[in-house]
Amino acid sequence: MANTSARMLRLLSLLQTHRFWSGTELSDKLEVSERTLRRDVERLRELGYPVNASRGVAGGYQLRSGTVMPPLLLDDEEAVAIAVGLRTAASGSVEGIEETSVRALAKVVQVMPPRLRRRVDALQAYTTPAAVTGPRVNAASLTVIAQACRDDERLKFDYAARGGEESARLVEPHRLVSLGRRWYLVAWDLDRVDWRTFRVDRLSDPRTTGARYRPREIPGGDAVKFVEAQIKARPTTYELVVRVDAPKDRVESAVRYLGGALEAIDEMSCRLTMNVDTFDWPVLILAAIGAPFEVESPSAFKDHLGAVATLFSRASGD
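Anchor point for the sequence shown: position 309 equals 309 in our numbering, and the numbering is continuous, going up by one each time.
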């Protein structure tokens, strides 16, 4: 049997990774009697961890939210993931959490053992995040929406559509989806009696109503695929078609999170199709691919590339 301190750390780790444990399951995991388990639970409570216990056949233990934030027990991989995530958040697309992320990161790194700190420093030094060029969203809005999704609670907000029309919406929120450079809310629109996708940066003053609802099944069962289908179905100004002199799998890795449909022509080339309103983003995608290409349509994109090439040529002194 492990000593008491080690066993309590193991118990805390188990409680933090599972919503509910039966007493038998925890006793078996820790290789102790249920009496010893009850004593360990009491010790955790004395340290500030709010552990609920229920008796009976379906009884067990569950770590609930408390009035204060007790220490978290993280394994090595979790600690590194949190540190990297906080560094990303400090310069990411969510507005209003930069300073908070830096403060939290300082606390996490301070208590890390040197071996983990070196891993985090290496990741920071040898990775270059892309600049955030898309619209930024408010952290408080994301929190309100996420909680409404979690609690199955109807949500009200004001929304500016693509054409600028503004309207008040009442929805049953399903999921928040981060895709490309934007955040989307997938929800059942009660006024339009249909599923809708809302860009969070166009959404303002989200507020819960207190009214609960029974969750519906989203078409296809996958929120990410639903958003992708909605984006593809949206009318755009241009359909851009480019032949790229590179294997499809290489191009696919570059455009996977950026949008576009790919079709293999042969082993060494493929055709990339994008539906866009402006040409700025396709230029960045093609630059990221880094392979020779030929524009098949539209001719306006060729003119745009010519203007961009002239601009860069002047900057380089050619």
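It is worth saying that the hints were derived from the structure and are not from the lab.
Honestly, I wouldn't trust all of these hints.
[Claimed, not checked] Dumping the calculated BS3-like pairs for lysine-lysine here, alpha-carbon to alpha-carbon at most 25 Å:
#1 Lys225 with Lys248
#2 Lys232 with Lys302
#3 Lys302 with Lys225
#4 Lys232 with Lys248
[As the list claims (entries may be wrong)] Each pair of labels, with its calculated beta carbon distance range:
#5 Ser54 with Gly163: 50 to 56 Å
#6 Leu190 with Gly163: 20 to 26 Å
#7 Lys232 with Glu296: 41 to 47 Å
#8 Ser167 with Ser299: 46 to 52 Å
#9 Gly210 with Gly85: 28 to 34 Å
#10 Pro215 with Arg103: 32 to 38 Å
#11 Thr209 with Glu165: 22 to 28 Å
#12 Pro298 with Ser13: 24 to 30 Å
#13 Ala140 with Arg314: 18 to 24 Å
#14 Gly220 with Asp277: 21 to 27 Å
#15 Pro292 with Gly85: 49 to 55 Å
#16 Gly290 with Thr24: 27 to 33 Å
Please read these numbers as outputs of a predicted model, since none were measured by experiment.
C-beta: ideal position from N, C-alpha, C; glycine also.
We went through each hint and held it up to the structure:
1. Taking the CA atoms of Lys225 and Lys248, the gap is near 21 Å; set against the 25 Å cutoff, the hint holds.
2. Restraint check for Lys232 and Lys302: the C-alpha separation of about 23 Å stays at or below 25 Å, so the hint holds.
3. Under the criterion of a C-alpha separation no larger than 25 Å, the hint pairing Lys302 with Lys225 is inconsistent with the structure, at around 31 Å.
4. With a CA separation close to 20 Å, the supplied pair Lys232 and Lys248 stays within the 25 Å bound.
5. Ser54 and Gly163 have their C-beta atoms about 54 Å apart, which keeps the hinted 50 to 56 Å range intact.
6. For the pair Leu190 and Gly163, the beta carbons lie near 22 Å from each other, so the given range of 20 to 26 Å is met.
7. The hinted range of 41 to 47 Å is not satisfied by Lys232 and Glu296, whose Cβ atoms lie roughly 19 Å apart.
8. For the pair Ser167 and Ser299, the beta carbons lie near 38 Å from each other, so the given range of 46 to 52 Å is not met.
9. In this structure the supplied range 28 to 34 Å holds for Gly210 paired with Gly85, their Cβ-Cβ distance being about 32 Å.
10. About 36 Å separates the C-beta atoms of Pro215 and Arg103, a value consistent with the hinted range of 32 to 38 Å.
11. The beta-carbon spacing between Thr209 and Glu165, approximately 23 Å, falls within the hinted interval of 22 to 28 Å.
12. Checked against the hint of 24 to 30 Å, the pair Pro298 and Ser13 fails, with Cβ atoms roughly 57 Å apart.
13. For Ala140 paired with Arg314, a C-beta distance near 44 Å fails the hint of 18 to 24 Å.
14. The hinted window of 21 to 27 Å between Gly220 and Asp277 holds, with their beta carbons roughly 26 Å apart.
15. Between Pro292 and Gly85 the beta carbons are some 37 Å apart, a value that contradicts the proposed interval 49 to 55 Å.
16. For Gly290 paired with Thr24, a C-beta distance near 57 Å fails the hint of 27 to 33 Å.
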